[in-house]
Amino acid sequence: MTHARQWIGPILALVLWEGFAHLFASAFVLAAPSAILLYLYENAGLLTRALGVTLANAAAGFLIGNAAAILLAGLAIALPRSENIVRALALVVFCLPLVATGPVLRILFGPGAGPQITLAALAVYYTTLIPLLVGLRAVPSDWLDLVRSYGRGRMTALLRVRAMASFPYLVAGLQIAAPAAFLGAMVGEFTGAERGMGVLTIRAMRDLNIEMTWALATVATAVAVLAYLAIGYAARRVLTEEPPVILAAPAAKRRNLFSSIAMVTFSTAAILALWWVGLDALNLSSFFAKRPDDLVDALFLAPDATQTRAALAAALSETLIFLFPGYLAGLLAGATLAMAIILAPSLANTAMPLAIALRSVPIITTAPLVVLLLGRGAVGTVTLIAIMVFFPTFIACLHGLRQAPGRATDVMRSYAASDMAILRHVRVPAMLPAFFAAARINVPASILAVTVVEWLATGNGLGALMALSASLSDYDMLWSAVVLTTLLAVLGYGLVGALERRVLQTYAPEQLA
Amino acid sequence: MKSSSGLSRRSLLATGAGAFGAASLGLSPRLLHAQTAVNFQLSWLHSTQFAGSYIAQDRGFWAERGLSVALQPGGPNAPVEPPVVSGTALMGISAADYTAAAVSEGAPFKIIGVAMQNNPFAIASLSANPVNQPSDMEGMRIGMALANTPVLQALCTINDVDFDAIEIVPTQYSPQPLVAGEVDCLLCWATDLPVAMTVQGVENETMLMADHGYAVHSQTYIVTEDSLANRRADIVALMAGEVAGWAAYREDTAAATDLTLAMFPDAGLDRETQLLQAERQVPLMFSDLTDANGFGWWTDETVAANIETLGLLGREVTADLWDRSILEEVHG
Amino acid sequence: MSVEIICKGLAKTYTGGVEAVRPLDLTLVAGQTTALVGPSGCGKSTLLRMIAGLEDASSGTLTIGGAPAADTLARAGLAVAFQDPSLLPWRTVRQNIELALDLARKPRKAADIDQLIHLVGLDGFADTRPGALSGGMRQRAAIARALSTNPDLLLLDEPFGAVDELTRAQLAADLPGIWEARGTTTLLVTHSVTEAVTLSDRIIVLSPRPAAIVADIKVDLSRPRPSNLKALPAFQTHVDATFAALSHGVADTLPKAAQ
Numbered sequence: 001m002t003h004a005r006q007w008i009g010p011i012l013a014l015v016l017w018e019g020f021a022h023l024f025a026s027a028f029v030l031a032a033p034s035a036i037l038l039y040l041y042e043n044a045g046l047l048t049r050a051l052g053v054t055l056a057n058a059a060a061g062f063l064i065g066n067a068a069a070i071l072l073a074g075l076a077i078a079l080p081r082s083e084n085i086v087r088a089l090a091l092v093v094f095c096l097p098l099v100a101t102g103p104v105l106r107i108l109f110g111p112g113a114g115p116q117i118t119l120a121a122l123a124v125y126y127t128t129l130i131p132l133l134v135g136l137r138a139v140p141s142d143w144l145d146l147v148r149s150y151g152r153g154r155m156t157a158l159l160r161v162r163a164m165a166s167f168p169y170l171v172a173g174l175q176i177a178a179p180a181a182f183l184g185a186m187v188g189e190f191t192g193a194e195r196g197m198g199v200l201t202i203r204a205m206r207d208l209n210i211e212m213t214w215a216l217a218t219v220a221t222a223v224a225v226l227a228y229l230a231i232g233y234a235a236r237r238v239l240t241e242e243p244p245v246i247l248a249a250p251a252a253k254r255r256n257l258f259s260s261i262a263m264v265t266f267s268t269a270a271i272l273a274l275w276w277v278g279l280d281a282l283n284l285s286s287f288f289a290k291r292p293d294d295l296v297d298a299l300f301l302a303p304d305a306t307q308t309r310a311a312l313a314a315a316l317s318e319t320l321i322f323l324f325p326g327y328l329a330g331l332l333a334g335a336t337l338a339m340a341i342i343l344a345p346s347l348a349n350t351a352m353p354l355a356i357a358l359r360s361v362p363i364i365t366t367a368p369l370v371v372l373l374l375g376r377g378a379v380g381t382v383t384l385i386a387i388m389v390f391f392p393t394f395i396a397c398l399h400g401l402r403q404a405p406g407r408a409t410d411v412m413r414s415y416a417a418s419d420m421a422i423l424r425h426v427r428v429p430a431m432l433p434a435f436f437a438a439a440r441i442n443v444p445a446s447i448l449a450v451t452v453v454e455w456l457a458t459g460n461g462l463g464a465l466m467a468l469s470a471s472l473s474d475y476d477m478l479w480s481a482v483v484l485t486t487l488l489a490v491l492g493y494g495l496v497g498a499l500e501r502r503v504l505q506t507y508a509p510e511q512l513a
Numbered sequence: 001m002k003s004s005s006g007l008s009r010r011s012l013l014a015t016g017a018g019a020f021g022a023a024s025l026g027l028s029p030r031l032l033h034a035q036t037a038v039n040f041q042l043s044w045l046h047s048t049q050f051a052g053s054y055i056a057q058d059r060g061f062w063a064e065r066g067l068s069v070a071l072q073p074g075g076p077n078a079p080v081e082p083p084v085v086s087g088t089a090l091m092g093i094s095a096a097d098y099t100a101a102a103v104s105e106g107a108p109f110k111i112i113g114v115a116m117q118n119n120p121f122a123i124a125s126l127s128a129n130p131v132n133q134p135s136d137m138e139g140m141r142i143g144m145a146l147a148n149t150p151v152l153q154a155l156c157t158i159n160d161v162d163f164d165a166i167e168i169v170p171t172q173y174s175p176q177p178l179v180a181g182e183v184d185c186l187l188c189w190a191t192d193l194p195v196a197m198t199v200q201g202v203e204n205e206t207m208l209m210a211d212h213g214y215a216v217h218s219q220t221y222i223v224t225e226d227s228l229a230n231r232r233a234d235i236v237a238l239m240a241g242e243v244a245g246w247a248a249y250r251e252d253t254a255a256a257t258d259l260t261l262a263m264f265p266d267a268g269l270d271r272e273t274q275l276l277q278a279e280r281q282v283p284l285m286f287s288d289l290t291d292a293n294g295f296g297w298w299t300d301e302t303v304a305a306n307i308e309t310l311g312l313l314g315r316e317v318t319a320d321l322w323d324r325s326i327l328e329e330v331h332g
Numbered sequence: 001m002s003v004e005i006i007c008k009g010l011a012k013t014y015t016g017g018v019e020a021v022r023p024l025d026l027t028l029v030a031g032q033t034t035a036l037v038g039p040s041g042c043g044k045s046t047l048l049r050m051i052a053g054l055e056d057a058s059s060g061t062l063t064i065g066g067a068p069a070a071d072t073l074a075r076a077g078l079a080v081a082f083q084d085p086s087l088l089p090w091r092t093v094r095q096n097i098e099l100a101l102d103l104a105r106k107p108r109k110a111a112d113i114d115q116l117i118h119l120v121g122l123d124g125f126a127d128t129r130p131g132a133l134s135g136g137m138r139q140r141a142a143i144a145r146a147l148s149t150n151p152d153l154l155l156l157d158e159p160f161g162a163v164d165e166l167t168r169a170q171l172a173a174d175l176p177g178i179w180e181a182r183g184t185t186t187l188l189v190t191h192s193v194t195e196a197v198t199l200s201d202r203i204i205v206l207s208p209r210p211a212a213i214v215a216d217i218k219v220d221l222s223r224p225r226p227s228n229l230k231a232l233p234a235f236q237t238h239v240d241a242t243f244a245a246l247s248h249g250v251a252d253t254l255p256k257a258a259q
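Chains A, B and C, in that order, give the protein sequences.
Each step along the first sequence adds one to the number in the numbering used here, with nothing skipped, and position 51 is 51.
Each step along the second sequence adds one to the number in the numbering used here, with nothing skipped, and position 39 is 39.
Each step along the third sequence adds one to the number in the numbering used here, with nothing skipped, and position 69 is 69.
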């Protein structure tokens with residue numbers, strides 16, 4: 001009975017979808033579910049081969065990226081002084097825009113699957129590293145004291161205690177990583193590949209082949225959702241506890257101004273040095289591999305420096321106009337749906353699978369579809385950014401809401417407080433740490449979304465500027481845009497972190513200790 | 001690469017289109033030695049846009065000249081210039097405007113051949129509301145990549161059209177905005193989005209910009225000055241194979257299409273679309289000029305026209321950008 | 001106002017078949033303090049939560065002040081203090097108490113709040129957040145909160161668990177006076193037999209899970225309890241009787257062969 005009721009919503013949606021698709025067939029926007037199925041059936045071989053290629057690259061990137069994350073986390077724990085710099089570098093590399101890293105990787109690797117695998121690895125390592133760092137520290141000090149009381153050292157503590165304690169966090173990172181690796185591998189194919197899901201996606205868009213576009217999006221989503229669920233399932237079989245949901249560490253404790261400045265200066269210097277030395281070491285031509293001094297020249301000294309800066313500023317403002325509303329809308333939608341589910345738990349049946357699908361569907365297949373559906377104006381772009389931000393926020397908030405402190409909800413109930421009052425007084429404040437952790441880690445994700453949409457669909461802003469300057473060989477502009485985009489992401493991350501610290505001081509002081 | 005071309009031969013024989021394969025099967029054994037490996041960077045995903053190169057590959061036009069050529073596909077995020085500059089690819093396919101831009105940024109490129117004599121840029125419109133001449137665009141909304149704004153500006157200048165009377169709507173990679181009525185026309189390649197619309201049954205018109213004074217060589221072969229000086233023999237062999245391949249392409253576009261589909265079964269190519277594209281690019285690639293002088297040719301006059309149009313695009317270039325010595329050797 | 005609580009056949013079986021409380025009849029006399037004593041995990045907290053309306057009974061009826069339990073909840077005539085103080089960490093002690101008053105739709109009177117804070121020995125900590133208090137201090141704040149609304153029914157679940165011995169004695173001496181003066185019906189869940197004897201008018205001894213009543217002991221000691229209470233022979237008699245009932249309840253559930 002309840003089983004049957006669960007299916008009413010999805011079936012109704014499918015029927016409506018089919019109807020709309022036939023009604024608006026002439027607009028070339030919506031493919032009917034029946035048409036998608038037919039396409040999948042008739043082209044099963046093609047799609048299977050493409051999926052095989054992309055999955056293999058995604059899996060390789062997944063392994064490499066996660067191995068790198070585990071090594072980096074181990075380094076940060078073994079040498080605690082290195083943690084800040086590891087974090088800073090990891091964040092900067094994570095914030096590098098895909099649109100720009102792709103071509104550089106293609107040049108580095110030449111023909112083959114190198115860029116696909118690397119982009120997949122880059123897409124996953126950060127979301128594994130950060131929870132892992134949290135997990136390795138999420139050890140009660142008693143346990144560490146126990147190890148020490150037996151006269152054993154830090155290595156034993158790392159292997160016997162920390163590694164085990166961090167395992168659930170690792171699993172949580174891996175779960176998020178699986179769809180990300182798939183997306184990375186697909187974007188990698190845009191840098192020149194013979195086969196794969198990414199290649200077919202571009203083909204379908206160009207050929208106005210709506211069935212193919214939707215079929216590809218369906219397959220990509222299904223695969224990503226399955227990977228997400230499979231890791232979750234495997235984890236539950238191994239783990240005794242649920243994997244944690246809050247993946248970001250709470251914002252670091254406030255340092256004094258001097259040490260903050262010292263930290264930022266040191267990280268910046270390290271990044272610049274790596275950039276400079278790295279390009280020289282790889283012996284990359286200065287035609288496309290610009291060094292920091294080339295950018296200083298292009299942005300401040302060259303005769304057209306003013307125009308270059310103006311172009312960057314114009315692109316930045318176009319991007320920000322969509323980024324802010326999309327980011328905020330995603331946060332708001334995520335938090336609101338989580339609250340709605342707390343108030344009406346039966347909503348979860350329909351909302352959860354949809355939310356997981358939205359999170360998992362690779363943005364390069366959704367971007368064209370959402371823009372087809374909602375137009376290439378503000379609504380389409382804002383919606384896509386919001387989708388990108390929505391799911392992690394939703395999951396984190398739901399977790400936070402359910403984690404209301406102790407028996408506080410019982411006390412509230414004993415005063416006959418309404419669900420609404422409990423939500424307002426207990427659950428929402430208790431949700432704030434999770435909400436902010438999600439908000440922070442979503443800054444890079446939302447910037448990824450906006451640049452990809454600009455690049456693939458709307459042709460505005462920083463995303464389009466990067467694509468355009470690559471095609472016109474204006475690599476000074478491309479690298480400047482990369483630096484600007486990365487700075488935007490890092491600054492946004494920092495700002496949300498600062499806000500988070502202020503809020504947590506009131507609502508969860510213990511998290512800042 | 002060897003194994004994959006072998007695979008394509010087998011699959012060709014299997015599909016019954018073995019005429020191409022048979023010739024090369026006889027050739028390959030004696031050519032196994034002394035093969036120079038060369039990367040050739042294409043400008044887009046595999047499709048009949050490069051079918052002449054596939055024929056050269058499949059029939060051994062390169063192998064018999066001592067080259068083992070790997071055809072590197074491009075893509076939406078795969079600029080051609082860097083691999084050529086860095087030497088990863090010996091030769092690349094670009095266009096005069098992109099090459100001019102790269103040269104102004106310090107890339108030492110020469111154009112050594114012109115595959116598309118006529119620029120493929122076109123204004124596509126629906127038959128119900130057609131654009132037949134540039135002035136028809138006034139008062140219309142045009143969908144295009146913002147990157148191409150200078151192209152539209154140049155077309156307007158050449159034809160005395162009021163650029164400000166056209167509303168630009170940024171679109172990318174899809175004919176859908178035109179079909180959905182979000183725009184009245186599209187700036188795109190004649191061989192690309194209009195073909196997709198025709199195949200999908202959407203009646204459309206294309207106005208080739210080359211017919212209205214827009215003279216920019218497209219699908220140009222570029223190499224670096226350094227390779228031109230030091231790897232001349234390889235470049236001559238590569239171009240000779242191209243010339244032979246495209247000659248065969250012109251004779252039978254259907255066979256060229258079938259070869260493309262057989263060589264790249266995983267590229268998701270639709271035969272009807274690919275065939276129509278193959279047919280439509282014939283008049284862009286072959287003209288009285290090439291009939292008289294050979295594939296890829298240009299004259300001082302066409303270069304002068306190019307320099308003028310490129311000037312309108314904000315690209316100041318001289319005739320030095322073009323180097324005909326390779327073609328002269330190939331056709332000589 | 002005093003209310004009487006009548007449990008008739010009240011039982012709880014969790015989904016999955018775990019029986020927490022056997023069908024049980026119990027009447028809590030209006031204005032009296034009743035202690036529930038039993039071994040760990042016997043289901044006494046479950047019983048308290050059912051009376052508090054935090055958990056639904058699997059069967060049986062619960063009447064509070066002559067009306068079905070749900071109505072009492074709606075009148076907010078109830079207050080609970082748990083072993084886990086469950087204060088909201090982002091509110092100060094005073095703000096936590098004020099929230100309870102708001103929820104119970106009772107006026108905030110600063111003087112009353114101050115007096116309660118004084119009574120539980122938290123002078124000077126009214127504007128401190130729980131994070132800065134010790135475990136015992138938090139529990140005392142939770143008790144102050146429970147008392148603030150002047151409840152008709154006060155449910156205390158191990159409320160002194162983390163309070164130090166000295167303060168505990170102090171609270172045990174002071175608190176009953178408050179709820180008795182107001183005629184509050186009080187139910188105290190504890191595993192401390194001496195605490196049960198000190199604070200209550202009546203001790204219900206429960207068997208190990210599933211909970212069943214094994215003894216109903218009337219505590220026949222004068223109110224207010226004398227300061228030398230623990231030295232009185234009568235005190236010891238009550239403690240012994242309770243212990244005897246407890247161990248009898250345990251013995252009852254031992255396997256037959258072991259008896």
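There could be a bad hint or two in this list.
[As the list claims (entries may be wrong)] Chain B side only, calculated, beta carbon under 10 Å to chain A, not exhaustive:
1. 41
2. 66
3. 68
4. 72
5. 98
6. 106
7. 130
8. 132
9. 144
10. 174
11. 197
12. 267
13. 273
14. 275
[What the hints assert, rightly or not] Label-pair restraints from in silico Cβ distances:
15. A/25 <-> B/140: 23 to 33 Å
16. A/80 <-> C/181: 57 to 67 Å
17. B/314 <-> A/270: 32 to 42 Å
18. A/74 <-> C/109: 28 to 38 Å
19. A/164 <-> B/271: 54 to 64 Å
20. B/271 <-> A/48: 52 to 62 Å
[Unchecked claim] Here are some chain B residues pointing at chain A (derived, C-beta under 10 Å):
21. 74
22. 78
23. 88
24. 97
25. 105
26. 192
Keep in mind that the hints were calculated from the coordinates and are not lab data.
Note that CB positions come from ideal geometry on N, CA and C, so glycine has one too.
Results for each hint:
With 10 Å as the threshold, the beta carbon of residue 41 of chain B comes within range of chain A, its nearest partner Cβ sitting at about 8 Å, so the hint holds. Restraint check, residue 66 of chain B versus chain A: the minimum CB separation of about 21 Å is more than 10 Å; hint violated. For the restraint placing residue 68 of chain B at the interface with chain A, the shortest Cβ-Cβ distance is roughly 13 Å, beyond the 10 Å limit, so the hint is violated. Restraint check, residue 72 of chain B versus chain A: the minimum CB separation of about 5 Å is within 10 Å; hint holds.
Because the closest C-beta pair between residue 98 of chain B and chain A is about 6 Å apart, less than 10 Å, the hint holds. Interface hint status for residue 106 of chain B: upheld, as the beta-carbon distance to the closest one in chain A is roughly 6 Å, under 10 Å. Given hint, residue 130 of chain B at the interface with chain A, is violated; its Cβ is 18 Å from that chain's nearest Cβ, farther than 10 Å. Nearest Cβ of chain A to the Cβ of residue 132 of chain B: about 23 Å, over the 10 Å cut. The hint is violated.
Satisfaction of the interface hint for residue 144 of chain B is found here, the shortest Cβ-Cβ separation to chain A being roughly 8 Å, below the 10 Å cut-off. The criterion of a C-beta within 10 Å of any C-beta in chain A is met by residue 174 of chain B, whose closest approach is roughly 5 Å, and the hint holds. With 10 Å as the threshold, the beta carbon of residue 197 of chain B comes within range of chain A, its nearest partner Cβ sitting at about 6 Å, so the hint holds. The closest approach between the C-beta of residue 267 of chain B and any C-beta of chain A is roughly 6 Å, which is under the 10 Å cut-off, so the hint is satisfied.
Hint status for residue 273 of chain B: holds, given a least beta-carbon distance of 6 Å to chain A, under 10 Å. The beta carbon of residue 275 of chain B comes no nearer than 13 Å to any beta carbon in chain A, farther than 10 Å, and the hint placing it at the interface is violated. Between residue 25 of chain A and residue 140 of chain B the CB atoms are about 25 Å apart, so this pair conforms to the stated range of 23 to 33 Å. Restraint check, residue 80 of chain A to residue 181 of chain C: a C-beta distance of roughly 58 Å satisfies the suggested window 57 to 67 Å.
Distance hint for residue 314 of chain B and residue 270 of chain A: a CB-CB separation of about 39 Å, consistent with the stated range 32 to 42 Å. At about 58 Å, the CB distance of residue 74 of chain A to residue 109 of chain C disagrees with the hint of 28 to 38 Å. For the pair residue 164 of chain A and residue 271 of chain B, the beta carbons lie near 58 Å from each other, so the given range of 54 to 64 Å is met. Separation of residue 271 of chain B from residue 48 of chain A is about 20 Å and departs from the stated range, judged on CB atoms against 52 to 62 Å.
At a threshold of 10 Å, the smallest CB-CB gap from residue 74 of chain B to chain A is about 5 Å, leaving the interface hint in force. The closest approach between the C-beta of residue 78 of chain B and any C-beta of chain A is roughly 4 Å, which is under the 10 Å cut-off, so the hint is satisfied. A cut of 10 Å between beta carbons decides the hint on residue 88 of chain B: the least distance to chain A is about 5 Å, and the hint holds. With 10 Å as the threshold, the beta carbon of residue 97 of chain B comes within range of chain A, its nearest partner Cβ sitting at about 9 Å, so the hint holds.
With 10 Å as the threshold, the beta carbon of residue 105 of chain B comes within range of chain A, its nearest partner Cβ sitting at about 5 Å, so the hint holds. Hint on residue 192 of chain B holds. Least Cβ distance to chain A is approximately 6 Å, under the 10 Å limit.
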